[in-house]
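Undergrad: Sequence:
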Amino acid sequence: MVMVVMMMLKSNARPRSRPSSILSAAAAAAYCTTAGSSAAAAEADRTIRDGPRNNWTREQINSVYHSPILDLLFHGAQVHRHAHNFREVQQCTLLSIKTGGCSEDCSYCPQSSRYNTGVKPQKLMTKDAVIQAAQKAKEAGSTRFCMGAAWRETVGRKTNFNQILDYVKEIRGMGMEVCCTLGMIEKQQALELKKAGLTAYNHNLDTSREYYPNIITTRSYDERLETLQFVRDAGINVCSGGIIGLGEAEEDRVGLLHTLATLPTHPESVPINALVAVKGTPLQDQKVLTVTVYILGSVYFG
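For reference, each letter of the sequence shown is one residue, going 1 to 302 in the UniProt record's numbering.
Please note that the accuracy of each hint is not assured.
[Stated by the list, open to error] DSSO-like cross-link-like pairs, simulated, lysine-lysine; straight-line CA separation at most 30 Å:
#1 K169 - K158
#2 K187 - K127
#3 K187 - K279
#4 K187 - K158
#5 K123 - K279
#6 K123 - K187
Note that these hints are calculated values from the structure, not bench results.
All values reported here derive from a predicted model rather than from experimental measurement.
Model the full assembly from the supplied sequences, consistent with the hints where possible.
TA: What follows is the structure, given as structure tokens:
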């Protein structure tokens with residue numbers, strides 16, 4: 001079963017002026033099976049009993065999101081233990097194999113060529129340098145090696161793409177899982193990555209569809225979803241999540257989770273990152289999230 005990680009801050013999300021919003025606290029309170037039973041408790045029981053599903057409504061996810069914090073922790077842990085060996089943690093290493101000079105305008109990213117952040121563009125790392133880094137990662141206990149390249153897409157980068165295919169083959173030959181995040185890819189490229197032995201492909205949605213235009217304008221939400229579909233169709237595991245602290249409202253966090261939870265097949269990995277505001281980016285003055293309680297609850301949106 002696939003688990004979507006609900007890792008959210010329960011404070012200082014940007015409010016929205018929607019008095020009749022279906023994501024109101026009243027809707028959250030109404031979604032309980034019995035008096036005193038939280039949505040987190042009810043959905044954890046259902047998931048353990050019936051397995052994952054893809055027909056979630058926003059109201060249902062919102063209700064889980066607004067469940068008492070300790071309920072989320074407790075029942076999330078129950079679901080996690082039902083599906084995973086709770087004593088096991090996979091160690092992964094991420095390497096930026098091509099840094100800076102990206103043409104995208106992602107408001108949070110210091111690697112964009114549009115912002116003056118002090119990040120200097122670099123060429124794709126050589127095979128020897130990448131393999132050496134992978135070997136060190138393996139010796140340090142990592143079983144997955146992830147490679148990231150700062151560019152919008154792989155289209156028109158045939159030479160670089162072929163080099164990366166070679167890196168994937170070599171690292172797989174070392175007995176490690178391999179993950180890549182290379183921006184948008186085409187269907188054929190996804191198939192080539194699969195043939196090379198790629199384990200997983202990361203392509204985050206970042207936030208809800210509604211809030212997305214406030215953060216990025218050079219790539220559409222549907223283009224991101226299309227890349228995920230190409231990856232899935234090729235038989236590669238999907239890694240897709242988002243970022244909190246972008247100035248989004250709580251309902252945007254719910255919206256992101258809803259999109260991920262209603263995909264035909266759930267992502268195998270759902271990274272939820274907290275914004276690190278970098279000087280020179282449009283979000284440089286974004287306030288650090290005030291952490292009342294940091295929730296790391298595992299909730300099945302199956």
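Undergrad: Now tell me, hint by hint, if it's right for this structure.
TA: Hint check results:
Straight-line distance between C-alpha atoms of K169 and K158 comes to about 17 Å, which keeps the hinted pair within the 30 Å bound. Annotation: proposed proximity of K187 to K127 holds, straight-line Cα distance about 25 Å (limit 30 Å). With a CA separation close to 36 Å, the supplied pair K187 and K279 exceeds the 30 Å bound. For the given pair, K187 sits about 14 Å from K158 by alpha-carbon distance, which is consistent with the 30 Å threshold.
Between K123 and K279, the direct Cα distance comes to roughly 23 Å. Compliance with the 30 Å bound is thereby established for this hinted pair. A threshold of 30 Å between alpha carbons decides the hint, and for K123 with K187 the separation of about 25 Å falls inside it, so the pair holds.
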